[in-house]
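Enquirer: Read off the chains here:
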Amino acid sequence: MLRGALLLALNDLRQTIKDRPTLFWMIIMPVGFIFLFGQMGGGSGGGKVSLTVIDEDQTYLSEAFAEALGHEGFSIQRVGPAERDSLGRIRRSVTVPPGFQDSLMHAQSTPVFFYVDPDASSEASVTAEMHIQRASFSTLFSLTEANPAGKTWASPTDPGFQQRFAEIAARPRLIQVASETAGRGRPVPSGMRQSLPATIALFMLINTTIYGAVFLATEKQEGILARIASQPLHRVTILGGKILGALAIGLAQAGILLLAGRFLLGAYLGNSLPGLLLVIVCFGLAASSMALFWGAILRRPEQVTATTLVVALFLGAIGGCWWPLEVVPQWMRTMGHISPAAWAMDGFHAIISFGAGIGAVVVPCLILLGYAAVFFGIGARLLRFSD
Amino acid sequence: MLVVESLSRSFGSLKAVDEIGFQVKPGEIYGLLGPNGAGKTTTISCVCGLLRPDRGTIELDGVALESDPIAFKRRLGVVPQETALYGDLSARENLHFWGGLAGLTGGALRDRTTAVLEAVGLTERAGDAVRKYSGGMKRRLNLAIGMIHEPKLLLLDEPTVGIDIQARLNILDVVREVVRAGTIVLYTTHYLEEAQELCDRIGIMDHGRILAEGSLTELKRMVGEGEILTLKGRFEPGELQSIVAEDEHVRVVSLEEGQAVLDVGKGQGEVTGVLGRILRKGLAVDDISIQQPNLQGVFLKLTGRELRD
Chain A
1 MLRGALLLAL NDLRQTIKDR PTLFWMIIMP VGFIFLFGQM GGGSGGGKVS
51 LTVIDEDQTY LSEAFAEALG HEGFSIQRVG PAERDSLGRI RRSVTVPPGF
101 QDSLMHAQST PVFFYVDPDA SSEASVTAEM HIQRASFSTL FSLTEANPAG
151 KTWASPTDPG FQQRFAEIAA RPRLIQVASE TAGRGRPVPS GMRQSLPATI
201 ALFMLINTTI YGAVFLATEK QEGILARIAS QPLHRVTILG GKILGALAIG
251 LAQAGILLLA GRFLLGAYLG NSLPGLLLVI VCFGLAASSM ALFWGAILRR
301 PEQVTATTLV VALFLGAIGG CWWPLEVVPQ WMRTMGHISP AAWAMDGFHA
351 IISFGAGIGA VVVPCLILLG YAAVFFGIGA RLLRFSD
Chain B
388 MLVVESLSRS FGSLKAVDEI GFQVKPGEIY GLLGPNGAGK TTTISCVCGL
438 LRPDRGTIEL DGVALESDPI AFKRRLGVVP QETALYGDLS ARENLHFWGG
488 LAGLTGGALR DRTTAVLEAV GLTERAGDAV RKYSGGMKRR LNLAIGMIHE
538 PKLLLLDEPT VGIDIQARLN ILDVVREVVR AGTIVLYTTH YLEEAQELCD
588 RIGIMDHGRI LAEGSLTELK RMVGEGEILT LKGRFEPGEL QSIVAEDEHV
638 RVVSLEEGQA VLDVGKGQGE VTGVLGRILR KGLAVDDISI QQPNLQGVFL
688 KLTGRELRD
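Keeping their order, the protein sequence lines are chains A and B.
So for the first sequence, this note's numbering puts the first residue at 1; every next one is plus one.
So for the second sequence, this note's numbering puts the first residue at 388; every next one is plus one.
Worth flagging that the hints you see were computed from the coordinates, not collected in a lab.
Where hints are given, some of them may not hold.
Residues from chain B that keep clear of chain A, each with C-beta distances beyond 12 angstroms, as calculated [to be verified]:
(1) G408
(2) G424
(3) L437
(4) E453
(5) K460
(6) H536
(7) Y578
(8) E580
(9) V640
(10) Q683
Only pairs whose alpha carbons sit at most 20 angstroms apart, straight line, appear in this in silico SDA-like list of lysine to any residue [stated by the list, open to error]:
(11) A:K18 x B:K519
(12) B:K539 x B:V566
(13) A:K18 x B:H483
(14) A:K18 x A:A229
(15) A:K18 x B:S477
(16) B:K607 x B:K539
(17) B:K519 x A:I17
(18) A:K18 x B:G508
(19) B:K607 x B:R692
(20) B:K607 x B:G508
(21) A:K18 x B:R567
(22) B:K519 x A:T218
(23) B:K402 x B:E392
(24) A:K18 x A:T305
(25) A:K18 x B:A516
(26) A:K18 x B:D475
(27) B:K607 x B:R621
(28) A:K18 x B:A513
(29) A:K18 x B:K402
(30) B:K402 x B:N423
(31) A:K18 x B:R479
(32) A:K18 x B:E480
(33) B:K668 x B:T604
(34) B:K539 x B:G414
(35) B:K607 x B:E643
(36) B:K619 x B:H594
(37) B:K619 x B:K668
(38) A:K18 x B:N423
(39) B:K412 x B:E392
(40) B:K619 x B:R588
Idealized CB from N, CA, C, for every residue including glycine.
Chain B extracted, bound-state conformation (with noise of 0.2 angstroms):
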């Protein structure tokens, strides 16, 4: 089990993680979802012993990271953002080298190189130089490295930016089968789809905070199931609060010149309504888009702001 309590880092008077904590079992993907500059990078930094800590304890089976952090490593992989490999190696010696920093020896080194090349589909390409790979290929080798030594705790930190579809699926689809094995995996990211799609609990962060946390269900009971509106044009706040202040079925959740995002309360032609007489009092709206409930609605509800924004 990870356990992160209290955790707290700034760097001079910028806050970049806020007092978070979470947990996260055996066999379980926790993400870490939020735009970038959310904390989520500090965040990973900390649990994997670069970054210290101002406040707060980071614990993986018992084991915390401040009082023993060679033991806590030992459990731990890590899949940062960069490609961290050596281009002039081969994945093999690349894995070797990897392997062998983590503790790997002799015959287990050999068949966990086997294994992973064979996992992230790079055994035909294992002995090419690692500058010839494509993107996509080098991000299956980062992966690989991360998981080489079957580590407790995977961190994985935006493991497929950059990179074709198919690529994606492959690490994706290499995450869901590290987790079968009992692995407890972080994953950060700020495609939504991903965290959808693969996360079994999700932490929004956003300006060093966890502003919610959950499974995809939870998150959306917890913010309502309504449709998010949002209008953009030329018009003032005040003339949007005007209309929506009495409609019971209206919550503003940001309003500002041009641009407002409104959540409208679950029922039939809810939103139709609504829109229908912001038209009619004569507001100048120039787009207009209703978000269904999923993870984009929630993250738009908590931040009032667009995920890539």
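If we strip away everything but chain A, and leave its shape as in the complex, we get (with noise of 0.2 angstroms):
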């Protein structure tokens, strides 16, 4: 019996490969998808924000100041005025000005200049800014500290005084600001945290019920699927085969995309794999199911491709596919799930977005195999194996 279904599986499988679009419907657009969607959204989210640090004075306390930078979390390249040019666009930076060291010395007020692309994302350049203040604050209390009142100041080129400087500067701070969220988090996902598991939903959803739906309906106009029934198959044989068949077609693209996205666009897939694993079988299980209902209630191929294409974006849409549904109405929210992509989208987002393990996706794919079972029964019960 599972020979039987693992044969038929396997041969949608390989006629989807066979298929030209497919590397275009299953590779370049959805990549290109996360990318973009992506990019818009702030990129990987992931990694340190990019600072340039420009220093015109290139003093002591300059490099400390840059040092300082460095610890708030910055990926800093400092450069000299004279390499300024050579590096075409800049996101942001920070210019220390010519006399910066004299002038702290002499405790007379400095500018530093910060620079922001417009490109740039700007809650980054934001925190990015709060940080600049924390470095400067950091910078000061380590000079005041190591020049105490009624003492004479110390050169800074004096070896005595930057180690004792670097001794501060390298020292727990007193007072750590301690963090965290009142109760359950909800940050609003966004850049590849979004739209890796978006594009992963939205393109399984696409794929798999097309594809799966196409094959079914083909099969059916042109007596392919009589011919399988008079093969020495049971009847659930064939409906397994069929179901597997479009899961293979899911996971094939939930794959690509996950390989995809963490190697080739440095995405975030947070701290549990199994977990994310688990949501993608169960949305694969839920998307083959609906491929089978699709292909049992509609006649023509073209139909089938017609109608599946507009429901999937229709689901994706309101299941958090194109917008986080952490952005709209309440109403909105509850509406969109409905769509199985919203409780794929909710098993993602607990995984990448919120740090949760395992357990937080138990729920969500209980509810996506009920989809499963639901479509799967009344596809297997209208099914017919010809026209």
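Each of the two chains sits in its own frame; use the hints to bring them together as a complex.
Expert: So this is what it looks like as structure tokens:
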């Protein structure tokens, strides 16, 4: 029984691979979506914010300030004024002007200039400004402590001063702010933390339902399904084979996007790969059963393509594949959960954006399996092997 | 032995197959002959388990389809009317897939694939995608798939529709070869010549019933050896009826306005005499055809219609 189902499933997968538009629909287009929508929302979101320090002072204190910025979590690139022009377009930069050290040593005010490219993520830039302020305070405190009141100000070129300054700068802060979200944290997923799971869910839904249902409708129309039914196979084997075939297409789609997202685009996948895979399998089963349902109730392959594409796009939209459900009103969020894509997105976000483990995906997965059971039940009942 | 008894199947109020029964021995080709809509494909669909009959039983070598469908289907090969093939796969890939579903594996699958490709003359094109094949090549592959697992019963549903004469001859040759190995063949067609040429026994079907059954010789004998005279023109049924009513050699098979089919008894010059009497009475006849006693004539006598009507 299992062998027959596997043969049917592998045959569907083989036909999908042989279909020329597959390359576009399953690889080029969704990977492009992940990149495009990910960039629109702020990139991979998992790495450090880049900051170029243009050091026009080139002194001990300007270097110490750059180091303090590095401790704030920036990815620092420190360049001299001569190298500025060779860098091309810079997203964010801090310019330390000439005379920075002298001004500080004479207790005079000195500006540093923070430049932000208009195309850079504004959210990251606001955060960056706050960290620049912290680095300024940190530098000033170290300088003040290195020169206790009542003593002659030491020269920054003095090795003794430099050693004392470095020791103070490296010392843990006496007051540290520990912050945590009260209750359940629900930041709005953005960047690739939204675009990767959203594209996986949307394209699994589109490709699994279209390919799965079109195969069924075509085989019904061309008499192939009737011929399969005349083979020594139980009806449940045939239905199982068709579901497995559609599931294999969905899993292949998800696998391609996970690998491309992680290794090509540097997307963050959270801390529970098993949880992520569980959501993918359950969502794949729901989508495969929907393919069986559409293949059973629609006759012609053209009807199937048009209907399933529109339905998948709609379910994707209300299910949070085009924009996160966290930004829509509560009633839309509730209504969106008629779509299996919404439950898949809940599972994906729990792991990728909210740092949860496999336990957080149990409820979404059970609901997705419920969708699979309902659509399979109706599809299996309605499917006729011949027109 | 294939035994079909009291088979009936309706679609709503339409009785597609009505209480038919027949038996086919190993090494025998049984032809179901009839026009489109006669019930041939419904019969085949019931025998291959695709349609559940309303009544009746189907057994192959003592295995009943209803009680053990898997065992029955293991002995069954089907060649459907449609060329049910995967166009993007090659002939070899198609055969591997279908052979696998039929239960073949490993070396046996490879050997049978090679053998049937050879039998239908597709070895050289076995690696090409099927969508590049001509209609005749697709039909030959369709046949090869049906016989890859060496079934006890091969169902052929109009296997030569729409193909050139060369491909048709090839298919008929392959079928004869299969039968020589002891396979039971159930063959549906609306090509009279094909049925005459190929089938050991023929069941003539119309409106869901088998009207007559037997070898070609038996069928001819069953309906007499007279010739069939078909007249078309501008006459009323009553006019012709009055002319032939007293002629003991003439039997009216069908009679309607402007068309009549007459069975004229055997005898030297009988048809010429009857025709002369009709024309002398001034009946407005525009078209005359005389049919020798062959399968077409048998069908015409049984149903009053041409097979392709």
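Enquirer: Now look at each hint and say whether the structure bears it out.
Expert: Hints and how they fare:
Against chain A, the non-interface label of B:G408 holds: every CB pair exceeds 12 angstroms, the least being about 22 angstroms. Every C-beta of chain A lies more than 12 angstroms from that of B:G424, the closest at about 16 angstroms, which supports listing it as non-interface. With 12 angstroms as the threshold on Cβ separation, the claim that B:L437 sits away from chain A is violated: the shortest Cβ distance comes to roughly 6 angstroms. No beta-carbon of chain A comes within 12 angstroms of the beta-carbon of B:E453; the shortest separation is about 15 angstroms.
Here B:K460 does not stay apart from chain A, with its beta-carbon only about 4 angstroms from theirs, under the 12 angstroms limit. Against the 12 angstroms criterion, B:H536 falls within the reach of chain A, whose nearest CB is about 9 angstroms from its own CB. Taking the minimum C-beta to C-beta distance to chain A, about 20 angstroms, the non-interface status of B:Y578 holds against the 12 angstroms cut. The beta carbon of B:E580 is kept farther than 12 angstroms from every beta carbon of chain A, the shortest such distance being approximately 25 angstroms.
In this structure B:V640 is separated from chain A by more than 12 angstroms, as the shortest Cβ-Cβ distance comes to about 36 angstroms. With 12 angstroms as the threshold on Cβ separation, the claim that B:Q683 sits away from chain A holds: the shortest Cβ distance comes to roughly 29 angstroms. Annotation: proposed proximity of A:K18 to B:K519 holds, straight-line Cα distance about 15 angstroms (limit 20 angstroms). Proximity of B:K539 to B:V566 is assessed by CA-CA distance (about 10 angstroms); at most 20 angstroms being required, the pair is judged to hold.
The straight-line distance between the Cα atoms of A:K18 and B:H483 is roughly 17 angstroms, inside the 20 angstroms bound, and the hint therefore holds. Between A:K18 and A:A229 the alpha-carbon distance is near 24 angstroms, which puts this suggested pair outside the 20 angstroms criterion. The straight-line distance between the Cα atoms of A:K18 and B:S477 is roughly 11 angstroms, inside the 20 angstroms bound, and the hint therefore holds. Distance check on the hinted pair: B:K607 and B:K539 sit about 30 angstroms apart at the alpha-carbon level, beyond 20 angstroms; violated.
Only pairs whose Cα atoms come within 20 angstroms are accepted, and B:K519 paired with A:I17 is accepted, the gap being roughly 19 angstroms. A C-alpha spacing of about 26 angstroms is found between A:K18 and B:G508, which places the hinted pair above 20 angstroms, so the restraint is violated. Taking the CA atoms of B:K607 and B:R692, the gap is near 16 angstroms; set against the 20 angstroms cutoff, the hint holds. For the proposed pair B:K607 and B:G508, the alpha carbon gap of about 36 angstroms is over 20 angstroms, so the pair is violated.
For the hint pairing A:K18 with B:R567, the CA-to-CA distance comes to about 39 angstroms; that exceeds 20 angstroms, so the pair is violated. At roughly 18 angstroms between alpha-carbon atoms, B:K519 and A:T218 fall within 20 angstroms of each other, so this suggested pair holds. Distance check on the hinted pair: B:K402 and B:E392 sit about 16 angstroms apart at the alpha-carbon level, within 20 angstroms; holds. Annotation: proposed proximity of A:K18 to A:T305 holds, straight-line Cα distance about 18 angstroms (limit 20 angstroms).
Taken as a hint, the A:K18 and B:A516 pair is honoured in the structure, with Cα atoms around 11 angstroms apart against an allowance of 20 angstroms. For the hint linking A:K18 to B:D475, the alpha-carbon distance of about 7 angstroms falls within 20 angstroms, and the restraint holds. Our distance criterion of 20 angstroms between C-alpha atoms is broken by B:K607 and B:R621, whose separation comes to about 31 angstroms. Between A:K18 and B:A513, the direct Cα distance comes to roughly 17 angstroms. Compliance with the 20 angstroms bound is thereby established for this hinted pair.
Restraint check for A:K18 and B:K402: not satisfied, since their Cα atoms lie roughly 43 angstroms apart, outside the 20 angstroms limit. For the hint pairing B:K402 with B:N423, the CA-to-CA distance comes to about 14 angstroms; that is within 20 angstroms, so the pair holds. Between the alpha carbons of A:K18 and B:R479 the distance comes to roughly 15 angstroms, so the proposed pair stays at or under 20 angstroms and holds. Simply put, A:K18 and B:E480 have alpha-carbon atoms about 12 angstroms apart, close enough for the 20 angstroms limit, and the pair holds.
Pair hint B:K668 plus B:T604 does not hold up; C-alpha atoms about 37 angstroms apart against a cutoff of 20 angstroms. Annotation: proposed proximity of B:K539 to B:G414 holds, straight-line Cα distance about 10 angstroms (limit 20 angstroms). Only pairs whose Cα atoms come within 20 angstroms are accepted, and B:K607 paired with B:E643 is rejected, the gap being roughly 25 angstroms. Note on B:K619 and B:H594: the hinted pairing is violated, with a Cα-Cα distance of about 25 angstroms set against a maximum of 20 angstroms.
Proposed proximity of B:K619 and B:K668 is supported: the alpha carbons are some 16 angstroms apart, at most 20 angstroms. Taking the CA atoms of A:K18 and B:N423, the gap is near 37 angstroms; set against the 20 angstroms cutoff, the hint is violated. For the hint pairing B:K412 with B:E392, the CA-to-CA distance comes to about 15 angstroms; that is within 20 angstroms, so the pair holds. For a cut-off of 20 angstroms, the pair hint linking B:K619 to B:R588 is broken: about 33 angstroms separates their Cα positions.
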